[in-house]
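Protein chains: 2
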Amino acid sequence: MDKTTHHITACVVVIGNEILSGRTQDLNISYIGKCCDELGIRLMECRVIPDVPEAILATVDACRRVFDYVFTTGGIGPTHDDITTAVIARLFNRPIERNAAAVIAMQSYYGVDNLNEARLKMADIPVGAMLIDNPVSGAPGFQIENVFVLPGVPIIMQAMFEGITDRLIGGAPMLTGSVVTGLPESILADGLRELQNRYPDVAIGSYPFFRKGKLGVNIVMRTTRAATLTDATAAVILLIRNLEGEVIKMP
Amino acid sequence: MDKTTHHITACVVVIGNEILSGRTQDLNISYIGKCCDELGIRLMECRVIPDVPEAILATVDACRRVFDYVFTTGGIGPTHDDITTAVIARLFNRPIERNAAAVIAMQSYYGVDNLNEARLKMADIPVGAMLIDNPVSGAPGFQIENVFVLPGVPIIMQAMFEGITDRLIGGAPMLTGSVVTGLPESILADGLRELQNRYPDVAIGSYPFFRKGKLGVNIVMRTTRAATLTDATAAVILLIRNLEGEVIKMP
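Going down the list, the sequences are from chains P and L.
Quick note on our numbering: the first sequence kicks off at 1 and runs consecutively.
Quick note on our numbering: the second sequence kicks off at 1001 and runs consecutively.
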């Protein structure tokens, strides 16, 4: 990979016992990963942690110092296990206040008469935070410095992430191509290693899979350079054909 | 939660650019999470990291010092991007050798004549590591101290994980119950907070969801004590009925 440029980096912190217990399948990492690719941001790490204040505090604090952006998901609802907002306020040493703009947003979603105290808890935001609009269910997220606090429910998180993309400074979008073949990895290994050396700007990944009882390999190329991607993809296809393999899916 | 007992803890380290890019949906965290619950092991953290030697080295080293068990997934195949084995060997300062037992296991899977050099690379294991049998595709994983090195393909990883459960010392299995209702979280919040205080041994989680355009809440109770789980579940159902809500799914 190109080491001359500074890449903008990001980290996702998934907060929730339900992900660690396996009861709920996380879908937010893959969604944010795809968005980062499009934005030219390198998603460098994700951490899944429990609903434990010390874990949230230590993890977000460590990550915000290392990565350009930190996205947290989960723990900003109205119930006792929603502790993310309080912990982030503590992390940045800011009091929590009932945010007037958040109340207005929630009034227009729920209706003034349906805004009970539990719901209003979701309008309690650290002082000075920038709100993140929630077009799905009213209650906003927020941003402090490089930390973006988002909810855990995927369709709500996704709609809110859409709204922050113009706050994120990225770089050239990551372009990807893939070639699928039924050749085993072991036959491809030498050739792929040679291609990786020939195209240092392209990250070439080899991902075996089982489908309908047969092994296959998905060869994925990632780079910000369109012409290089075209060249590398052609070279991978040539490698497969030279090994008398079948290209199952063209990029 | 009970703070008088030392709980056995674990961490999953998912190694792979394809998870961070969102091209591949991770399924290993949820599988290992469920297994840990059954084994009475607390899965306390998961980290997803790229195929970068320094990231693997630093992450596994940090995690193995904090948690009783570390499970890595990904990066032990035959191609250039499979670097986990080499990095783990470096971490434990051990040379890599062609492991005779691994060669025999792979011979019986592939047949002696089909064991080319790329495949044999998967029999190169750090000296003194304990092999982890692969009943699906031959190439083994391995264990050094409290670090278990597993592949990324879910069905292979799962079959191999089955084979190590008798090496893992856990505790009382985590028991879970859940109650689903159409009541909004905001209506349930006060009552759930009171129940959490009444049952400190039970971790009560409230997970909103969208299904068929309607919001609902899944209330999940987790504890190692069967009688307490029964009591807490009954109390949650009573709470919902007192709020004139419908219990959509009984535990």
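For the record, the hints were derived by calculation from the structure and aren't laboratory data.
Don't take every hint at face value.
Cross-link-like lysine to any residue pairs, in silico, SDA-like; alpha carbons within 20 Å at most [what the hints assert, rightly or not]:
#1 L:Lys1034 - P:Pro50
#2 L:Lys1212 - P:Pro50
#3 P:Lys121 - L:Lys1212
#4 P:Lys212 - L:Pro1208
#5 P:Lys214 - L:Lys1212
#6 P:Lys34 - P:Lys212
#7 L:Lys1212 - P:Pro154
This structure is a prediction, so every number in the text was calculated from the model and none was measured.
Inset, instruction - Quickly compare the C-alpha distance for lysine 121 of chain P and lysine 1212 of chain L to 20 Å and report which way the hint goes. - result: 27 Å, violated
Inset, instruction - Take a quick look at whether lysine 34 of chain P and lysine 212 of chain P sit within 20 Å of each other, Cα to Cα. - result: 27 Å, violated
Inset, instruction - Take the C-alpha atoms of lysine 212 of chain P and proline 1208 of chain L, compute the straight-line distance between them, and say whether it is at most 20 Å. - result: The given pair, whose Cα atoms are some 35 Å apart, is violated under the 20 Å limit.
Inset, instruction - Measure nothing beyond the straight line between the CA atoms of lysine 1034 of chain L and proline 50 of chain P; if it is 20 Å or shorter, mark the hint as holding. - result: 15 Å, holds
Inset, instruction - Would you mind confirming whether the straight-line C-alpha gap from lysine 1212 of chain L to proline 50 of chain P stays at or under 20 Å? - result: The given pair, whose Cα atoms are some 29 Å apart, is violated under the 20 Å limit.
Inset, instruction - Please work out if lysine 214 of chain P and lysine 1212 of chain L have their alpha carbons no farther apart than 20 Å. - result: 36 Å, violated
Legend entry - 20 Å Cα cutoff - pair lysine 1212 of chain L, proline 154 of chain P: With a Cα-Cα distance of about 15 Å, the restraint between lysine 1212 of chain L and proline 154 of chain P holds, given a limit of 20 Å.
Hints 2, 3, 4, 5, 6, counting from the list given before, are not met by this structure.
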